[in-house]
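> Here's the letter readout for the chains.
There are 2 protein chains.
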Amino acid sequence: MERDFGGFKGVLIIGLGLIGGSIAVSLKKRGFKGKIYGFDLNLDRVNKAVEIGAVDKGFTDYSEVPWENIDLVIISTPVKTFTKIATDIKKYLKGKTLVTDVGSVKGDLVKQLEEILKPNIFIGGHPIAGTEKEGVENAVVDLFNGKKVILTIDHEDEFTQKLEKFWVDLGSKVEVMDPYLHDFVFAAVSHLPHAVAFSLVDTLIELSDEKNIDLFLYPGAGFKDFTRIAASSPTVWKDIFIQNKKEVLHTIDKFIESMNKLRDAVEKEEEEKLLNILYESRERRLSLD
Amino acid sequence: MERDFGGFKGVLIIGLGLIGGSIAVSLKKRGFKGKIYGFDLNLDRVNKAVEIGAVDKGFTDYSEVPWENIDLVIISTPVKTFTKIATDIKKYLKGKTLVTDVGSVKGDLVKQLEEILKPNIFIGGHPIAGTEKEGVENAVVDLFNGKKVILTIDHEDEFTQKLEKFWVDLGSKVEVMDPYLHDFVFAAVSHLPHAVAFSLVDTLIELSDEKNIDLFLYPGAGFKDFTRIAASSPTVWKDIFIQNKKEVLHTIDKFIESMNKLRDAVEKEEEEKLLNILYESRERRLSLD
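Top line first, the protein sequences correspond to chains A and B. Oh and the first sequence: position 220 is 220 in our numbering, straight run, nothing missing. Oh and the second sequence: position 268 is 268 in our numbering, straight run, nothing missing.
Derived from the structure by calculation, the hints contain no laboratory data. There could be a bad hint or two in this list.
If chains are identical, the list can't say which one is meant, so a pair holds when it fits in one copy or spans any two.
Claimed, not checked - Derived lysine-lysine pairs resembling DSSO-like cross-links, with alpha carbons at most 27 angstroms apart: (1) Lys147 x Lys90; (2) Lys80 x Lys261; (3) Lys268 x Lys111; (4) Lys9 x Lys90; (5) Lys84 x Lys268; (6) Lys211 x Lys254; (7) Lys268 x Lys80; (8) Lys96 x Lys57; (9) Lys28 x Lys9; (10) Lys261 x Lys245; (11) Lys84 x Lys133; (12) Lys224 x Lys133; (13) Lys111 x Lys165; (14) Lys261 x Lys224; (15) Lys224 x Lys246; (16) Lys148 x Lys224; (17) Lys254 x Lys273; (18) Lys273 x Lys111; (19) Lys96 x Lys9.
Generate the whole structure from the sequences, applying the supplied hints.
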């Protein structure tokens, strides 16, 4: 099928960070024929995005955006800002303009945005791609190629088909998921591991103080890989943890249960039980490769 | 200085696994002029080690080993077997033969081995190198090159100097450490991260059951790296956790405290507190790169 990115003619990317920037440069590289507009409250980011050719035109004021040319808005700011942005742009949207996002939290937020943006259509999106880096200057061409994108679609129509085609033409594998299930799944596979990585580094800081030795001088096998994601953006992750609080707390509680199960088996020297936990985890992990 | 590997003429490697095998192939590759003997209770492993040319001669029975030619014994079996091995080989050792090991746990074990092997000298060793793979067939040439080796030396003498030179000539950076401090340090930087990785995968198995969804189909950014070490050997790690029980439990308890600190900040939406934890961890982690 022709690579038409769902037939959108004008895309406005709100938030010129790593993800927004990567959408822009990937669209350009893959031959998107429409216009790409960028918006950010930070003028430096807008200038940078224009300078590197990611966007055709950039704005820091919604009233200056040529809304009549825009049929797709992609919100790619921290999730915390979404409802304010939706409220701010609502009055400018023309009838057929579709709004989507690339945030890591869905659930209630999707329902709120649907409500605020009515009669315009909002579809939640979450590309499972990223790096620890931030900013449009670190934008990666084809960041989404071969990666999953979750869309919170509950019924297929003209809009959802266009948005699916948009992501397919960026090389992504589209998967439709209920927004609440999305939050459970990504709390488990992404938010929890980040919380764990941050806490593990925090523990090593505390333990270093305890014995007055710099434990970070002894990064054992796997330790660097293991804590790499602890270098992720604190502001982004603070917001994700709080926005997806219910599921994040649930997965942390389950994880602490698992840690205590292993801890007790070690304390009681229950070798069989310990082996079972380790074998089961190992087998499941190996199945990923 | 000449690469003489401390002047040892005959090395016996007990335990032809990944580490023992890698010492053998690295010695060969770097021009060790002495003989390399291998011992393993498993005849297949011995045959494999001879077949790939890792060892000059292999044995499954201590009484057949040419002990008169051996001045260095390296125990590279699971830590659990160390005291039995020391007891078994004691009667064969000639006066000047030095015994060392490559185990991940030191502490009391070093004291026990020193006691058992008297009047021969035992020095605990721990090369900070490895892969998730097992067996002599996965031996890696120069596995120890550029890596740290911890030696539990409390005073310098002829023996310790020879052993230090042995490792230096394998390319390692020798660091002397008290055996109890060693166990604290590696509980924190290695044993705890392994416990966490196993528990994280265990949590995802439990959560998959809870919602009847296969969460392993959604390995988010960093998840694979993060849980890679959960594919490590269950028997090896069961033994390490139990052998280093005191420090492992202590570091797990500290880690659960850290997780609960983060959990509470999320629950109470204490944004500043949460940000502080994340920033501090991020900064410390970035300092590793």
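> Which of the stated hints cannot be reconciled with the structure, identified by number in ascending sequence?
When the structure is compared with the hints, numbers 1, 18 turn out to be violated.
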